[in-house]
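**Student:** Take a look at the letters that make up each chain.
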Amino acid sequence: MGGGLLEVRNLTIRFPAGRERASDTVPVAGVDLDLARGEILALVGESGSGKSLTGLALLGLVPHPGRIGSESRIRLEGQELTGLKGEALRAIRGRRIAMVFQDPLTSLTPVLTIGTQLREALTAHRKLPRAEARRRGQALLAEVGMPDPATGYDAYPHELSGGLRQRALIAIALAGEPELLIADEPTSALDVTIQAQILEMIDRLRANRGMAVLLITHDLGIVAGRADRVVVMYAGQIIERRATLALFRSPGHPYTRALLKAIPRLDTAALELTTIPGSVPHPGEWWTGCRFQPRCGEALARCATENPPAVPLAAQGMSRCWLPAEPEP
Amino acid sequence: MIGSLLDLLRNAWRHPSGRGGILILGVLALGALVAPPFLPHPAEMPDVVAGATAPSPNHPFGTDHLNRDVLARVMTGGRISLAVATLAVALSLTLGSLVGLVAGYAGGWADAILMRLVDGALAIPRLFVILLLLVVWERIPLAALILVLGTTGWFATSRLVRGEVLRLRHEGFVLAAQGLGAAPGRTILRHLLPNAAGPLLVAATLGVGDVILLEAGLSFLGLGIQPPTPSWGGMVLDARPLIVTAPWTALFPGIAIVTTVLAVNLIGDALQGALDPRSA
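Protein chains in written order, with the working numbering: chain X, 1 to 329; chain F, 1 to 280.
If you are wondering where the hints come from, they were derived from the structure by calculation, not from laboratory data.
Glycine included, C-beta positions come from ideal geometry on N, C-alpha and C.
Among these hints, one or two may not hold up.
Computed, partial: chain X to chain F, Cβ under 10 Å [claimed, not checked]:
(1) Arg-93
(2) Gly-94
(3) Ala-98
(4) Gln-102
(5) Asp-103
(6) His-125
(7) Leu-128
(8) Pro-129
(9) Ala-131
(10) Ala-133
(11) Pro-157
(12) Ile-172
(13) Ile-182
(14) Ala-196
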């Protein structure tokens, strides 16, 4: 997608061999992402697929001793982000790309009020008088649907419910007026009704602010109807990239098909939940064949030895599988 | 800074034990700071002829072997003892936090070197170091006493702070703060230090008790505050030969030492509860 906001090419994250590891581990291998302004891109995958690490890499927050490979390119409106350090990196964080972390319980500093933390985010990139910061902070809390912004501003995190904490966290992330919001499992710690409210709110913010959203989740159920496009990750690789509707109508990769089948449905008579047997192979234990092959019900002989290439599908779609894609209805 | 100190006091005030501690310490500090100029008897004017006299309406705490008013001396001595304790603890808290934060946040070599140095320093008894440092002076200046007490008291604090930082630095909120563009200094001062404040303040209050006792001990050995300036420890020293014939000369400064240490510990106890908003 030309003229987009974010362009990620061949993102590779390595944890070098050391005392704990005999050889390099590569939990993210050759990920490409494109994001346009005002777009919601969902990054879907199981635990251990490398999706959260991908999000952290965009902010230069890959945990020690992990490194972004020198072959990787992350461009924000043409500006190269890999290799940025210190002040230059901090000028991006919060100001242009902000992240909402998955656990609202631990992502807020417990000993500071919401207001203090909001004020800190507001003043991280520009000077503001205290009263003005307070006014703007409360306006942000109102924008994220905090029922009583004045009280919420002076509250400590433990005094708020999980849903309100997540709202506060999103308000803090919005303080720098980022162009890209990375939401890493923003609703995983919340119950279903609150989930829907938070997602609706994120969708509304995107529309009002023209902000791009990278929605990282393991739950395909929350992707439907909200994301414009979906990228499915498995074992550090993107295995399918599709427009949301196309993905749900005609999933290209057997893994995506299995994921879709695993969504519990109310309209079928099935009494047992469908699961995918096995689990994601651990990074470092990867082989030359398709990484999904051991768990795949449709695997061919060559899948065990040859990793399939990215096969282009209609409308900039992609699937990494030897099987021919099903035609779109 | 003053505002946050007032906040701290207000927090401690909410707990019964903190309220008690603040009241006791307030009376002692007020007595030490305000009262001396208004006392009917001077603290340093000796009258050898009369000798020690028992408590009476004229001298509620009695007089010492030089016939000096014990009440006046306890109050005036409180100035020195409280000032030495406060300043020395403030100094060791600052040093300890600084070293602990740097070691914990930087990790690696910086951490290893700093902590091995601290281990070494902890292996030497504090009193021994203080005695060694103090024999340099014939008459020990007050500033030197504070400096020596402060610079020998921060080793355990630095380990405490380092431990807290190690526990906290991988918490979600530290990552979140970094993700929002917070500089390392801001991350350390706003997110790590306040979260480590609980154990730090408890260490501080215990430190105040320690330093008061240590100063008393040093003065008792003749290495602390020099006569005729009154200090609580020095008064107990002077009272030693009279402990049987005139016990009030040792009793009142002793009570002052014990109540101060107790009050400070009560406040520390209350602060520990108050500073952790989750336990409120």
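**Student:** For each hint, tell me whether it holds in the structure or not.
**Tutor:** Against the structure, the hints:
1. The restraint placing Arg-93/X at the interface with chain F holds, with a minimum CB-CB distance near 4 Å, inside the 10 Å limit.
2. The beta carbon of Gly-94/X comes within 4 Å of a beta carbon in chain F, closer than 10 Å, and the hint placing it at the interface holds.
3. With its C-beta approaching chain F no nearer than about 6 Å, Ala-98/X sits inside the 10 Å limit, and its interface hint holds.
4. For Gln-102/X, the interface hint holds, the least distance from its beta-carbon to any beta-carbon of chain F being 8 Å, beneath 10 Å.
5. A least Cβ separation of about 6 Å between Asp-103/X and chain F falls short of the 10 Å threshold, and the interface hint therefore holds.
6. Because the smallest distance between the Cβ of His-125/X and any Cβ of chain F comes to about 6 Å, under 10 Å, the interface hint for this residue holds.
7. The closest approach between the C-beta of Leu-128/X and any C-beta of chain F is roughly 15 Å, which is over the 10 Å cut-off, so the hint fails.
8. With its C-beta approaching chain F no nearer than about 17 Å, Pro-129/X sits outside the 10 Å limit, and its interface hint is violated.
9. For Ala-131/X, the interface hint is violated, the least distance from its beta-carbon to any beta-carbon of chain F being 16 Å, above 10 Å.
10. Hint on Ala-133/X is violated. Least Cβ distance to chain F is approximately 14 Å, over the 10 Å limit.
11. Here the hint on Pro-157/X is kept, as its CB sits about 8 Å from the closest CB of chain F, short of 10 Å.
12. Below 10 Å, beta-carbon pairs count as interface contacts, and Ile-172/X has one with chain F at about 7 Å; its hint therefore holds.
13. Contact between Ile-182/X and chain F, as hinted, is supported at the beta carbon level, the nearest pair being about 8 Å apart and thus within 10 Å.
14. Because the beta carbon of Ala-196/X sits about 24 Å from the nearest beta carbon in chain F, more than 10 Å, this interface hint is broken.
Consistency note: the structure conflicts with the earlier hints numbered 7, 8, 9, 10, 14.
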